[in-house]
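Generate coordinates for the entire structure from the input sequences, incorporating the hints supplied.
Number of protein chains: 2
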Amino acid sequence: MAKNAIVLLSGGLDSTTTLAIAKEQGYKPHCITFDYGQKHVAELKAAQEVKQLIDKEAEHKIIKIDLKIFGKSALTADNIEVPKRDLKDKTQKSVPITYVPARNTIFLSYALAYAEVLPANDIFIGANVIDYSGYPDCRPAYIEAYNIMANLALNNTSGEKIKIHAPLLQLNKSQIIEEGLRLGVDYSMTISCYDPSQDRFSCGRCDACYLRLNAFKKLGKKDPIKYQK
Amino acid sequence: MAKNAIVLLSGGLDSTTTLAIAKEQGYKPHCITFDYGQKHVAELKAAQEVKQLIDKEAEHKIIKIDLKIFGKSALTADNIEVPKRDLKDKTQKSVPITYVPARNTIFLSYALAYAEVLPANDIFIGANVIDYSGYPDCRPAYIEAYNIMANLALNNTSGEKIKIHAPLLQLNKSQIIEEGLRLGVDYSMTISCYDPSQDRFSCGRCDACYLRLNAFKKLGKKDPIKYQK
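First to last, the protein sequences are chains D and P.
For the first sequence, the working numbering gives the first residue as 2, with consecutive numbering after it.
For the second sequence, the working numbering gives the first residue as 2, with consecutive numbering after it.
Heads up, some of the hints might be wrong.
Because identical chains share one entry, a pair is satisfied inside a single copy or across any pair of copies.
To be verified - BS3-like mimics (lysine-lysine), calculated; alpha carbons at most 25 Å apart, straight line:
no.	residue 1	residue 2
1	K29	K69
2	K62	K40
3	K69	K4
4	K230	K40
5	K69	K46
Hints were generated in silico from the structure; no laboratory data involved.
Encoded structure:
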């Protein structure tokens, strides 16, 4: 019987590829998506569509949590604009304003609770360090430390260790797309933009669009999603 | 100027004492209470009253999160009864059904987000290992591992380390009460019961009541809260 795994699924390019990898490795995925007050709620719709496409049978929980209560990120705070950039601009600030404080720590903690209840010993997260935009909670040392803590946090009676899988950790965005295409992922359902229009056209100018567009370009492929002019 | 600290406050005996300790150590407390689908919502009212009593000025965020979505604890699942016991019964099962999967991990993760935003480098939690009812996420090794992870999770530019303070970790319930009384804590506002009545009478028969009643008795003191007959 396939082993249960929790997959953090945002509907973006990385988490979608991660879900396909978990499937390929023979796990039975249980997906979690967070409705956390993000401006780009188009993510939630994308996550549901992507899940259907990759695994109709998989369980999928959408968890409503309020990260707006703390503010201080352009992804959640109404008074902070999502920054836009020139696609030719290669400079990257240290930690951008789109960073949401402790987001991955909170997401993984819910995954842990879900893992204990199922039970599951495997948790998949699409974090990656190469194009991670300087987010501290995407670094390998962070993932390792989280994994050690996780094994002390739970009432794990199975004798098996909890493992946090971050299969994209050392891949750049083009490599992630190549891996996804190899696994048959249809990226037209995904969305990466931090600030898409109501009808799900990506802005093409935020950090997330910048990385995505450049990665497809590097592969000589056309990004199949819709962009604003 | 007083340093900011985050204090996880449930309105119970332990977290109330912890708040008093943070104050005594000279911190400016910022309290978080979780409305997590617990049956004993009397906690929320108690937390607010306790906060007012100990520090009128302190910020206090009540965060609504849904741990019911995972079920599997007598504290949140409608189909699991809170177990009652004979007060003379000294046996303690390994991990009781009142354990909420990954609860402290989730709570601390929100505290981390709040710490980064404020900013604060100090987080107080009332976990204790002696009378901790066998909860894995109250063990010293867990708190230490969480602390290491926390220092890798945040965009901490202050140069100071995050510290998770668990001042009650090695105290038993009587020692906690003694410490609180020394600091002038009025325990009549607190509530520990997992299954209180609507008008906030404690049941006197769940694990939490059992520990609390026995601790006051050991000190030769009367617990100032109301119990059902």
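Non-conforming hints, listed in increasing numerical order
none
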